[in-house]
Amino acid sequence: MARVASALFSRLVIIIPYAWLLFFFLIPFFIVFRISLSQTAVAMPPYTPVFDLFGGLSGIMEKAREFSLDNYVWLTEDVLYFNAYVSSVIIAAISTVLTLMIAYPVAYGMAKAPKSIRPTLLMLVILPFWTSFLIRVYAWIAILKPEGLLNQFLMSINVIDQPLIILNTNWAIYIGIVYSYLPFMVLPIYSSLEKMDHTLTEAALDLGCTPFSAFWQVTFPLSLAGVVAGCLLVFIPAVGEFVIPDLLGGSETLMIGKTLWNEFNANRDWPVSSAVATILLLILVIPIVFFQNAQAKADGEGR
Amino acid sequence: MGNWSRFNIASIVLGFGFLYLPIVLLVIFSFNESKLVTVWAGFSTKWYAQLWHNQALLDAAWVTIRVALISATCATVLGTLAALALVRYTRFRGRMLFSGMVYAPLVMPEVITGLSLLLLFVAIGLDRGFWTITLAHITFTMCFVAVVVQSRLLSFDQSIEEAALDLGATPVRTFFAITLPVIAPAVFSGWVLAFTLSLDDLVISSFTTGPGATTLPMKIYSQVRLGVTPEINAICTILIGIVAIGVVVASVVTKQREAQRERDERAAFAQ
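Protein chains in written order, with this note's numbering: chain H, 1 to 303; chain P, 1001 to 1271.
Since the hints were derived computationally from the structure, they do not count as laboratory data. Certain hints may be false.
Claimed, not checked - BS3-like, lysine-lysine: derived pairs with alpha carbons at most 25 Å apart:
| id | chain 1 | residue 1 | chain 2 | residue 2 |
| --- | --- | --- | --- | --- |
| 1 | P | 1255 | H | 115 |
| 2 | P | 1046 | P | 1035 |
| 3 | H | 195 | P | 1255 |
| 4 | H | 195 | H | 297 |
| 5 | H | 115 | H | 195 |
All of these numbers come straight from a predicted model, not from anything done at the bench.
Chain H extracted, bound-state conformation:
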């Protein structure tokens, strides 16, 4: 009896979350793919063909013939989409590098901090992550506006005499992404630096290494796992970012998250938005699998 209950319990522990994720996470991707092969229609739902479960197998086969790759052809013909994909990847890559350059010294400083204040510093890095993403992006509008706080400050100390135009340019997007994703970069780097064996750096210094080359030859390679995890945590969501380019970027900034949103909400074109999402997913599949492996490996080490 007990053994049956035990087996049942372990089954349920696995099956319940498994079934939930299959139904609400994996299956929807197949639906997206299937609708990306459909045509737009003025109806609800606004695409065709719509399957009728009672039409039998022959009915389904009949309708399946209406599937086409037209939406994908359309995406390749309109240069707008291609440019949006390319500029999303470039903007995300530049932002990731900038985030790394700011996050690494912060994480390094935290790992070097006296042990007693490290938990407080860690808490301070995590805290902004809990406040709304939308609010944090919104806060930058008032700062970056031509008559905003940054320009007021810089003009009052006579660094510039003309307001800098930052809002609605790519620079505003970089600032927005760096700011919003900074904790995601700091945390993994900090945790890999904190775990590090510091006698290795000392050994390098004792053997005549300069502090600079000791850092590049010992410390940095050993923190690489954290750097890679942090970069993926920033890069992948940044490619599909919508809120930041929409609120901080200009009208000429193309990012695919924004294109998808407009295609869906303004043009009400579900099949084309599905095709846009499918290709975005294909672009991100490699970094996502990379991230999953890194994550699974990190869990294995924790054992």
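For this one, chain H is given, so just place chain P on it according to the hints.
Just chain P, lined up with the frame of chain H:
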């Protein structure tokens, strides 16, 4: 580890300044007398007073809180189960796929998650509104809970569990009497995380909502597009306040629990 150099201190101060300055400025200007958000004209709480008369906003806040409470609670149950499955059962069919499905939502762009869930709801003919937002939030927040609980389970001494099982406790009883009390702080912080993620979400909610269900971030977003106003600063300040209080309470509770546990463990060994 010693030598905390000036460079280290400077990078921490600058980094934290960068993280906190925009939020501090936003809070300060929510108390501005003037309608202009960037010119200080004296202290005033009138924007807060105005919020109480904005019925649409209060309705949206109420919807948001209900969605967050329900979805965080369900996500905590599902996420804890998922964490248990990942840590305790290292071998079962489709484990690779399962761990992939737990980690992928952490980095998945929100526009993709939102669109795919909407198309699912349309395909199965679910009426869009309050409940579809809630289901969507459960799905993406449960993975965050799973990761938080998983890291606690990994550092958990499994021999106590085995002892309970050896002494004849059923797995269910062992779970509730031994495992859950030990991982409770992590489960609780998972809940708080799921709650705030749900409270914040704009993109996934916008895709999965229907007539009559507007959440606070959707309301804020539609007003932000029209321009920056002190009224939005006031809402944001209230939200930041709620979250800050929640996080501080959560961390104090966690600390106390852990201190209690350490005391208990020491007492147990002393006997």
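Status of the hints after comparison with the structure:
| no. | hint | result |
| --- | --- | --- |
| 1 | P/1255 / H/115 | holds, 17 Å |
| 2 | P/1046 / P/1035 | holds, 11 Å |
| 3 | H/195 / P/1255 | holds, 22 Å |
| 4 | H/195 / H/297 | holds, 16 Å |
| 5 | H/115 / H/195 | holds, 13 Å |
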